[in-house]
Every structure is written in structure tokens, then in C-alpha cells.
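K.L.:
Sequence:
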Amino acid sequence: MKLNSMFKDRINFQELKLLREYPLLLKLRLKKIFSKKINNNGGILVINPCIIGDFTATLPALRSFIERQGEDVDLVVIPPVKTLAESIRGVKKVYTAKSIYARNYENEVDYQDISKYYRLVMVFRISTDAYNLLKNIKYSNLISYDVSYLKYTFHVIKNIILKKEVKQWNEINFEIVGINKPVNQITFDDIFNFNEHDYNRVRELPEMTGTSKKIIIHTGSGWSIKLWSDKKWLELVKKINELGDYKFIFIGGSSTEEESFNYLQRNLDFKIYSLIKKVDLRTILLIMRISNYFIGIDSGPRNLAHLANLRSISMLGPAPKNFMPFNPDDIVIDKFTCRCKSLFYFHRESAMQKITVDEVLEGFIKLSNKQN
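Residues in the sequence shown are numbered from 15 upward in steps of one, following our numbering.
Some hints here could point you the wrong way.
With a straight-line Cα cutoff of 20 Å, these simulated PhoX-like cross-link-like pairs (lysine-lysine) come out [what the hints assert, rightly or not]:
1. K349 to K335
2. K384 to K227
3. K130 to K107
4. K50 to K152
5. K228 to K380
6. K50 to K149
7. K165 to K181
8. K245 to K149
9. K181 to K41
Using C-beta positions, here's what the derived DEER-type ranges look like [to be verified]:
10. I47 to I379: 36 to 44 Å
11. A116 to N386: 43 to 51 Å
12. L257 to R280: 17 to 25 Å
13. N150 to E376: 52 to 60 Å
14. K172 to P220: 46 to 54 Å
15. F168 to K31: 14 to 22 Å
Simulated from the structure, these hints should not be mistaken for laboratory data.
A quick note: this is a predicted structure, and the numbers were derived from the prediction, not measured.
Idealized CB from N, CA, C, for every residue including glycine.
Input sequences plus hints: build the corresponding full structure.
P.N.:
So, in C-alpha cells, the structure goes:
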């Protein structure tokens, strides 16, 4: 029984669900080829029901696509992303559908009142739920990521075998929409429509008050191989606290992250703060914009930190390095050398545990010295 449990921990079954996208993409391609062309004057619908990290990587290309179209679009995302998606410039209405992973927190879908006619449908990512939604919509034209996705899959496999760097996923999204990636990086304010009132509301949160420098921490992952031990988090927080006046704010959405936070608070003689399960994604992004540092493992929130241009330390797990920071000042710590990447990991001990507290502390000191 113990061996069976260990075997399950070594395989990332969630990642295998991505294989379900291929038959759905094939169905969309065949429908595009064989369906009768329909001319209508409807608007534009963008299908993008992917998890947080992937969604974040699509945003520069999505914003460029909207700008090129010259009109606002309707957008389909997963439920947790909705509040954030509503703040994107050029987005008219936001609907929700489950991702290909169909995780528990995606249950509150909402697309009942979506229009039945669109001039153009742009598909960044597909899922069973989104495909079923599309079956009830008539559209004149469809742009899909199927060819780019297939080419990218082979590119990643080849480069993993050859131990070469892979293309960044945000670059591939520009290929999908048929736009050259701009020389100048698309900024946060180019993408989102936030105002000072939005930031002031976040500043009023009890966890965000005071003059202490704010450190956002995220400890969770859907795959245990990517986790760093609670004891190391405890030691790290203690050592950073000795360096100056800092406020530690933990974010996340799972019970595991709550348990980690509670363990840390019980074993610390100073207060740390939790926003776990308390705020939505839009609020988390705004919090990151007015905070000082982010420390976390390889998951969606660290991609949000890169998007927010928040100086960060990311401890990476076994996966292609295709979601790297935009800013060269950000620090990445990666001890994984195997070719197994994001699907399986059969080493006795996770390489995450080879990352020492002092390595992360050293990275933090480098970041803080650059800010001072």
C-alpha cells in the first residue's frame, strides 16, 4: 500500500489530462473544414479556459490580438480567473468554463447567456466544457492553436531529450494569433485597466497596512514533488525576519496551504499573515503590485508575480522551463536535472529538498540590496 502511494506521488496525473486537448482540437479542425460557411455580423469570442500560469502567459498576446481587431471581445476563462479577466483592457463580457483539468474549484461555470453568433472565435486553449459551449455557437471564422500546439509539443520533447532550452509559452501565444512578438515588452498597464481607487482598497486590507516591507509567500502545488518542506519555510521566515522590518503574507487556495501556514505560525514568536482562501485573483495581483517581494514554488502565483513585476525568488520543480521571469533581476533556483520533467519523477528524494534555506536567503539578500 505504501509503495502504491509513493508510486502515485511520483506521477503527475493532472498533467496527463492535457492529452485530452488533442482530440478536441482535431474535432474543431474538422468542423472548420467541413462545416458550411456562415456569414454574420456578430462580435469576437476568445476561448481561454486554462489554469492561472498558462492564462498569465497568454495575456500579452491576447491584448495584442484585441488591439489589432479594433473592437472589444467576449472572453471565456475558468471561474477563479473571472474577476481578473474583467479588468483586461478591451474585454466586454467574461464567461466561465472548466479547464481541461476540471478541478474542484472550477465548479461555478457561467456561460448560459453567451451569444449564439460570432463573427470570429479565437481559441487559445480548449477543454471539454469549452468545446461543448462552442457546439451551440455559430461562427464565421475560427482561429485555433492546434498547429502551434502540436509543433510546440514536438519542440519541447526534442529539446528535453537534447537538454536544450525550450521556447517560452508566451512567445508561442503570439504565433497562435499570427502577430510578431513586440520588441518592447507589453507592460502591466498595457494589459489591465486598474485605477488608484483599486489600489487604495487593497492598501486598506488589514494584512497590507503599516510601513513594513511586504513579502508575499506561496507554498502550495498540486503535485507533492514540487513542495518545499514546512521546516525549511519556517527556518527561512525566521532568518529573513532577523534582517529587517518585514511583513510575511501567505496566499493560496488550498487546505494544504492553510495547514502549512498554521504550522509556521505555531512555531514562530512573531505574527505572520494569511490571505489563503480569503481574496480573489484580481486582489492578489493588485497586492503583488504594491508589495516588495515574492517567494514561492513553481505554480500560478509565481507567474502572477512576474506579470506584476514584483521582485521574486522562484523554486522550480521538474518541468520545462517555459514560464521564466520577464525581469532578469528575478531569481530562479532549480535543482532538477532529470529529463522526466512535468509528467513523472522516480528519484528517491525530490530535488526540491536539495534547495537549502541559505540559498534562498542569499537570493533574497541580493534582491533587497538591489532595491535599497
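K.L.:
Between the beta carbons of K172 and P220, is the distance compatible with 46 to 54 Å?
P.N.:
50 Å Cβ-Cβ, so the 46 to 54 Å window holds.
K.L.:
Are the Cα atoms of K349 and K335 separated by 20 Å or less?
P.N.:
Roughly 12 Å separates the two Cα atoms, so the pair holds.
K.L.:
With the threshold set at 20 Å, check whether the alpha-carbon distance from K50 to K149 stays at or below it.
P.N.:
Measuring from Cα to Cα gives roughly 14 Å; hence the hint holds.
K.L.:
Has the hinted range 17 to 25 Å been met by the Cβ atoms of L257 and R280?
P.N.:
The hint (17 to 25 Å, Cβ to Cβ) holds, given that L257 and R280 are roughly 22 Å apart.
K.L.:
Assess, step by step, whether the Cα of K384 is no farther than 20 Å from the Cα of K227, and give holds or violated.
P.N.:
holds, 14 Å
K.L.:
Could you grab the alpha-carbon distance between K50 and K152 and see if it respects the 20 Å cut-off?
P.N.:
holds, 10 Å
K.L.:
Please verify whether K245 and K149 have alpha carbons no more than 20 Å apart.
P.N.:
violated, 50 Å
K.L.:
Return holds or violated for the Cβ distance of A116 and N386 against the range 43 to 51 Å.
P.N.:
For A116 and N386 the Cβ distance comes to about 46 Å; the hint holds.
K.L.:
For the pair supplied as a hint, K181 and K41, confirm whether the alpha-carbon distance does not exceed 20 Å.
P.N.:
The hint is violated at about 27 Å.
K.L.:
Can the suggested window of 14 to 22 Å be confirmed for the beta-carbon pair F168 and K31?
P.N.:
holds, 20 Å
K.L.:
Tell me if the straight-line CA distance from K228 to K380 falls inside 20 Å.
P.N.:
holds, 16 Å
K.L.:
So does I47 sit 36 to 44 Å from I379, Cβ to Cβ?
P.N.:
For I47 and I379 the Cβ distance comes to about 58 Å; the hint is violated.
Of the hints listed earlier, those the structure fails to meet are numbers 8, 9, 10, in rising order.
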